Amino acid sequence: MRAAFRGLVGVAVLLLLWELLSNSDLVPPGYIPPPTVIGATLVRLLLDGVFVYDVIASVLAWAIALGVAIAVAVPLGLVLGSVPAVRRATRTVVELMRPIPSVAMIPLAILLFGGGPEAKIVLAVYASVWPILFNTIYALDELDEQLVDTARAFGTSKPRIMATVALPSAAPFVMTGIRTAAAIALIVVVSTELLAGATLGLGQFILTASSGGGRMDLVFAGTVVAGLIGYLVNAGLEWVQRRFFAWGARTGETV
Amino acid sequence: MSTMLEVTDLGHRYGDHTAIDRLSFTVAAGELVCIVGPSGCGKSTLLRTLSGLVASTTGHVALHGDEVRGVPDDLAVVFQDYSRSLFPWLTVQRNVEFPLKRKVSRAERRARAAEALEWVGLSGAGAKYPWQLSGGMQQRVAIARALAYRPALLLMDEPFASVDAQTRFELEDLLLRVRREHDTTILLVTHDIDESVYLGDRVLVLSKSPATIVANLKVDLPAERDQITTRESDTFVALRAETARLLHGGGTVRPRVQADPEGVAARFLAAERAEQAAQASKRHAAQN
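In order, the protein sequence lines correspond to chains A and B.
Residue numbers for the first sequence follow our numbering, beginning at 1 and rising by one.
Residue numbers for the second sequence follow our numbering, beginning at 1 and rising by one.
Quick caveat, the hints were computed from the structure, so don't treat them as lab data.
It should be emphasised that the depicted structure is a prediction, and the values quoted were computed from it without experimental measurement.
Don't take each hint at face value.
Said to hold, decoys possible - Some chain A residues judged to face chain B by a derived CB distance under 7 Å, without partners named:
| no. | residue |
| --- | --- |
| 1 | D144 |
| 2 | Q146 |
| 3 | D149 |
| 4 | T150 |
| 5 | A153 |
| 6 | F154 |
| 7 | G155 |
| 8 | P168 |
| 9 | W247 |
All residues carry an ideal CB built from backbone N, CA and C; glycine is no exception.
All chains, full assembly: derive it from the sequences and hints.
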């Protein structure tokens, strides 16, 4: 409770300083609208349906991208992490692909998938696969041999050990990877909307608001919503991690 | 008594290093045999070979007469490090059920796990997670898991080496009680001489690496053992001293205790010990 209270105090102080800055002569009027104005704009936007569609479009693209990334990266990580030969064979390719910024592939994605939501989803998948993949591989490296020996000594088959020992044991690491991936996927979805244009989406909303009239209150409202989504997603995943993978932090401890 | 485990000429080498060298011994059904040896002598390798976790380079292992290849079906292992052998993401109940998955029905799995937890005095702890329990309790869970599996042979690798002395005594007595109540055949590896004599019906003494069997000592102590009176009995003290001498003598052991329980020397020793035991029990009776 105390921590939450302090956090709120921090936010309040930030908003107050922002309000003072906006109303001072330090920045040209209209460049950085005060929080009160942005708040009012935000409320109006949320009541008017169109903006909500933009939010839904981005969140949906994000959720699909994260889901696909998990479905691709976890099995792939299990294979790469448990079969050294495959891992050696693919290492160079992986190390070459990983550093490519996904926004650099926007032109290629648009060419291949057109201007619809597919392009941003594919790019977000591409960007968010890596943390999940690497955390899964790392988790298998850390897999305790004795847990495996225990299962083996009871006559558990290799595929079952994979499913009932390796996977649960890797789960806390994988979850950490998913949290990182969730943040990255959101960034990529919004950036792609912003850079490539889209029919719907938060990034598209911000782009439209900033062009022409330069409605900075709308730009900031959109940005604040993007930030809030990111915050809520992370808080939700953190809760999942605490709730279901609490043992991950406590292994080996005795009460 | 029928033979449960028969080990013939068992050997294992890693490259040039011979970890165990042509070991032969048997364990009868219902017997508790302790293997004691100096640190690093290959005790763990022996156990891993018997459990099928590593393949032996020479020799055979037979469990209730069937030649063992790979991991035997009805064998359970309890490792020293309970914190690394219980699955932290499963509750105690589910940990105990784990080896029974795909082998028996769900209802039976539940029943057997609950029963085994009761045997080790952990009836109320099924819903807890291993990391919520003390070290001694975690090792009891591991023992319950092995018992629920109803193995033909229970292998234990230094099972009490990671708990404090008090807990260790409790666990030793718990083991003696459950094996008596459920007629379990146990092969227990330890580096602790006192423990091997206290627990065993027989003690196999191993030499330094490469491990060979230096002696096969029958423990002539009553089946009911007590942490205080057993440990102060003359038989116990004499056996402990003998084991210690054998252990520290390593390969240069006097022939009278060579691994040949049928030999003249062994019979002489047995007679001597029987007499000591008789005297001890007489004294014991007189005291009471």
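Tested hints:
Because the smallest distance between the Cβ of D144(A) and any Cβ of chain B comes to about 5 Å, under 7 Å, the interface hint for this residue holds. Because the beta carbon of Q146(A) sits about 4 Å from the nearest beta carbon in chain B, less than 7 Å, this interface hint is met. At a threshold of 7 Å, the smallest CB-CB gap from D149(A) to chain B is about 6 Å, leaving the interface hint in force. Hint status for T150(A): holds, given a least beta-carbon distance of 5 Å to chain B, under 7 Å.
A cut of 7 Å between beta carbons decides the hint on A153(A): the least distance to chain B is about 4 Å, and the hint holds. With a least beta-carbon distance of about 4 Å to chain B, the hint placing F154(A) at the interface is held under the 7 Å criterion. Because the smallest distance between the Cβ of G155(A) and any Cβ of chain B comes to about 5 Å, under 7 Å, the interface hint for this residue holds. Taking 7 Å as the C-beta contact cut-off toward chain B, the hint placing P168(A) at the interface holds, the least distance being around 5 Å.
Checking W247(A) against chain B by beta carbon gives a least distance of about 4 Å; that is within 7 Å, so the hint holds.
When the structure is compared with the earlier hints, no violation turns up for any of them.
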